[in-house]
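J.: Below are the chains, spelled out letter by letter.
Protein chains: 2
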Amino acid sequence: MSEAKERIDGLKKLLKRENIDFYIVPTADFHGSEYVDGYFKVREFLSGFTGSNGTLVVSEDEAGLWTDGRYFVQAERELEGSGIVLYRMDEEGVPDIKEYLDKKVKNGQTIGFDGRVMSAKLGIELEEIFEGRDVRFACDKDIADELWSDRPKMPVSDVWAVPDELCGENAGQKLAKVRAKMSEEKAKHLLISKLDDIMWLYNIRANDVACNPVALSYTFISEDSAILFIQEEALTDKITDDLKKQGVECRAYDEIASFLKKCDIKGKIWCASADTSYLLYKLAGDRAELIDKDSPTELLKAVKNPTELENIRKYYLLDSVTLTKFLFYMKNNVGKEYMDEYKVGQKLDKMRSEIEGFIELSFDTISAYGANAAMMHYEATEENKAEIKAEGLYLVDSGGQYMGATTDVTRTIALGSITDDMKKHFTKTVCGMLRLANAKFLYGCTGRNVDIMARQPLWECYIDYKCGTGHGIGYILNVHEGPQNIRWRFRPEMTEVPLEAGMIVSDEPGVYIEGSHGIRIENILEIVNELKNGDGQFMGFRHLTYVPIDLDAIDTQYMEPSDIKLLNAYHKLVFEKLSPYFQGEDLARLKTATRSI
Amino acid sequence: MSEAKERIDGLKKLLKRENIDFYIVPTADFHGSEYVDGYFKVREFLSGFTGSNGTLVVSEDEAGLWTDGRYFVQAERELEGSGIVLYRMDEEGVPDIKEYLDKKVKNGQTIGFDGRVMSAKLGIELEEIFEGRDVRFACDKDIADELWSDRPKMPVSDVWAVPDELCGENAGQKLAKVRAKMSEEKAKHLLISKLDDIMWLYNIRANDVACNPVALSYTFISEDSAILFIQEEALTDKITDDLKKQGVECRAYDEIASFLKKCDIKGKIWCASADTSYLLYKLAGDRAELIDKDSPTELLKAVKNPTELENIRKYYLLDSVTLTKFLFYMKNNVGKEYMDEYKVGQKLDKMRSEIEGFIELSFDTISAYGANAAMMHYEATEENKAEIKAEGLYLVDSGGQYMGATTDVTRTIALGSITDDMKKHFTKTVCGMLRLANAKFLYGCTGRNVDIMARQPLWECYIDYKCGTGHGIGYILNVHEGPQNIRWRFRPEMTEVPLEAGMIVSDEPGVYIEGSHGIRIENILEIVNELKNGDGQFMGFRHLTYVPIDLDAIDTQYMEPSDIKLLNAYHKLVFEKLSPYFQGEDLARLKTATRSI
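Sequence lines, in order, name chains A and B. Residue 118 in this note's numbering sits at position 118 of the first sequence; the count goes up by one each step and never skips. Residue 145 in this note's numbering sits at position 145 of the second sequence; the count goes up by one each step and never skips.
Please note that a few of the clues may not be correct.
[Stated by the list, open to error] From the derived model, a few chain A residues whose C-beta atoms are all more than 10 Å from chain B:
hint, residue
1, Tyr39
2, Val105
3, Met154
4, Gly168
5, Arg179
6, Ala210
7, Asp241
8, Cys263
9, Leu318
10, Asp420
11, Ala437
12, Ile452
13, Ile463
14, Val528
15, Glu585
[To be verified] One-sided excerpt, in silico: chain B residues whose CB lies under 7 Å from chain A:
hint, residue
16, Gly444
17, Arg489
18, Asp535
19, Gln557
20, Glu560
[Unchecked claim] FRET-style restraints, in silico, Cβ to Cβ:
hint, chain 1, residue 1, chain 2, residue 2, range
21, A, Ile129, B, Asp292, 55 to 65 Å
22, A, Ile129, B, Asp286, 53 to 63 Å
23, B, Glu99, A, Phe490, 21 to 31 Å
24, A, Ser225, B, Lys5, 52 to 62 Å
25, B, Asp9, A, Gly172, 53 to 63 Å
26, A, Ser225, B, Asp134, 33 to 43 Å
27, A, Asp552, B, Gly416, 48 to 58 Å
28, A, Lys245, B, Glu514, 19 to 29 Å
29, B, Tyr338, A, Tyr443, 39 to 49 Å
Calculated directly from the structure, the hints in this document are not laboratory data. Don't be surprised by glycine CBs; every beta carbon is placed ideally from N, CA and C.
Start from the sequences and build out the full structure, keeping to the hints where you can.
T.: Pasting the structure below:
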């Protein structure tokens, strides 16, 4: 019997005892973080599925796991033998969790979840679905905790301050901007649970979540006070004092709930249901009228200031140099020495760690060979890895945290002969990446308007990639951030914000053929204003990533002349930017790799 | 003193008497129709602005007119001397009407409008803006009526039945589909005010609005009854009897309000605030909980059935033949005989009227030469027209109502030498039209996803057209219909529906250079399903319009090879489809006009 099956059975027994009929286990900490520390990995503990996105729903009759297209292949493999049913999100005919529960839960039954890890948004939607029905919610307990004897401890790491000169603004200045937005919305208070927003606001970082340099915390901002709830052992006196000088008072992390119950409330509380736990949202709602909108920090953080942009450009270049050298190593040595996904991934990580200003990886390097690359978030380990041979395609998606940037980049390269299909898929992916990067658009466009620029070359071949085309990226922060993104699918409840100058976004189309190969080419783009005229403010993108695109995998028969022009222009830029960092044979390689075709 | 200034001054006096501080005059009949009959043209009467979209707001201090980008040039001209301030909708820094009123209206003041012509949507939004403030609404009167001594009579035309075999379905079958949707939404009643929806539902037509073959009417549908409120003098006994057989009871048009006050209500009423007058919406809301969503007829009507599609394809071809012959006439005779915009427009209208099955024009033909074409909705008249010479560009946007289709098509042609700029603009417009028509997309895409395919060639030149790229088209009905459209701008409140197989949409990019020239190329496209695979249902478009694109205005230096391929492929199809209808010299012309380049 699989471990997962055993644990699900154990959970079912506990649910019976607690009179809970349907138990929901999202993938979340108390802050809705995308990546979560070991302590919070209840869903992974129960199901065995290790992907970063997934929700488990367990009832007497069935355990179901919902995850998105990035993880279908991986989830299928990891759930084998668990008896857990995989629900492929967004596929035709597949109910989402709300539709599932709406249909399955009967009058008199109870839905359970841990109110601290359930997003307020989903909690409220469930309330609405079952309004008027005899269905109870039990949300005061983490039921699975009992089953998890060797559960990791709640993380607590040292908080460090990012020098204000690296941030371009200090916490006091940022608070002033936040309060101006509060005043526009007629909010007297603002409750933020989103960790990267809090880190950005106070120019602090920590390490409570792998790869995300954040500290578990909450903040509650009023007109004349700003309170940071944070684990006290994480702070030094110097940081506490410096924050005090910026008008920020520190209190204990676990005081947030009791504070919300008793604090002085003077008017509406701004609190984003999408980023707040159901528990805190309900507590705040008991005290005052809520303004349920994305926190103002979300957009302020997304639009990088000139200091940030200057550092970002600098580190993206250094990061590009390193990845390019790694790719040259791969192409030159494959077949000559033993290589496997894990080993070469480690090598890249080490090379990146030698860049001055490196802090840590911004996410676990995806080093995937052959069919493994078809799993969008594949992770090779020392135990589970493929040997790399002098044929086929190799994909590497990686990035670093630096004292001035968070990077993210993907390249796919040919390590020898590849099939015509692979060339076609590779070439179409490159066309998509370049066409999006070259798009011109009017201010007011959101990512939904431009997404098709990247997808059209693939859609013309009846191929899609089941993920967004792009995401925002933090500044010495989370590698995925909002509010902007580049996606095509319409969802009535989604937030769409115009693309603004100073935002940075990824541009990462791909082709994923299960059991065969995976291709992704990812550049990070800066959004810039171009000409403004009577028709409006025209905008465009500038590359931040300068890494050659493997010409060995390109077949020009699949390109328009304009695509070839774009590729040559990009390669010309790559050579100009990178050549000062290359000498001798590597410089010659760079010249060849970026030649005009 | 201008006539408009006099009327506005007269209105101001009446407003003073009625104690109204701000008076809103939208452009609408009681049904939110886009085009309105003379009786309802209060805004035009007061302001002198003849465009199809515009709202007038009059206060003691100012009269302001809001209109959209199609009409900026025209409104500026027509408002001259009136003292009315033009508010250019969607331009940066220009407040919309709600923002304007929010700022201007003071406590103790009164906002007035005729509740029968005010959309419920805007009325409710105004209520929300002024909630909690001491602002009164006066909406029971058409104040301007008093000033309008020679006001036209309320229109009433003969209703006629479209044979069921032309519609593919009878009213009873359509009612069954509507009731199924009502049941899905848990609605017990459905109130429809939208005239084309009512015509579609009951397979009837009339002529109460120029070009829109509709009758003033309302319908109220319950589980076991369907009542049509319609002017009795418009009906024959045969139509009344036939409707009765389909389960539809006719009552007097002006009974709707009293009916809503007293009728038997068993549950929620489905009533779209976007398509219902403020007055009726409030009446319905007094009786029951409302479901405020687009009427189910909207989507049912938009997805054409096989019978409709077959007729549409047939009439679009006949319509294309006629327009092509007209364009040949223009190109061959310009400079040889006297031509003006009005005269040649009349000629085209006459040619179209000779097509068997022709009913009337689907809108007033836009026949515009030179700088006049920069006005998107220019109308030449016998008194106000330009002479057409053997140089520059001529634009003609026209369409017909037939016993099996409503057509809409625009072509721009060179009548002699044109400037390089004109060639560039023309060529980029053609590229945009063809690229959109050639786009492949996944089911779930809305018009916002694909709009950039048409705009990108122009945006790359920092040129935009200030209107949507496409709209739906009725079946022997309104030339503009929803719910689908092809637009780029994000508005939080907008309805977006996926593009579905069987819908038809226009594809009409353009370039409008004030004072110089205007270019628009408009084909109508049918949406079709293509390959369905693991990535989803792929979709595409098929042309319904087959009219040559003037190669004299094309400069291939502005095209990608793929654009040239698309143009040649389109022209090959045009020749195949049209050639059976051409002989002799005209056939030779067709061959030349559709040659490969």
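J.: Which earlier hints can't be squared with this structure?
T.: Violated: hints 12, 13, 19, 21, 22 and 28.
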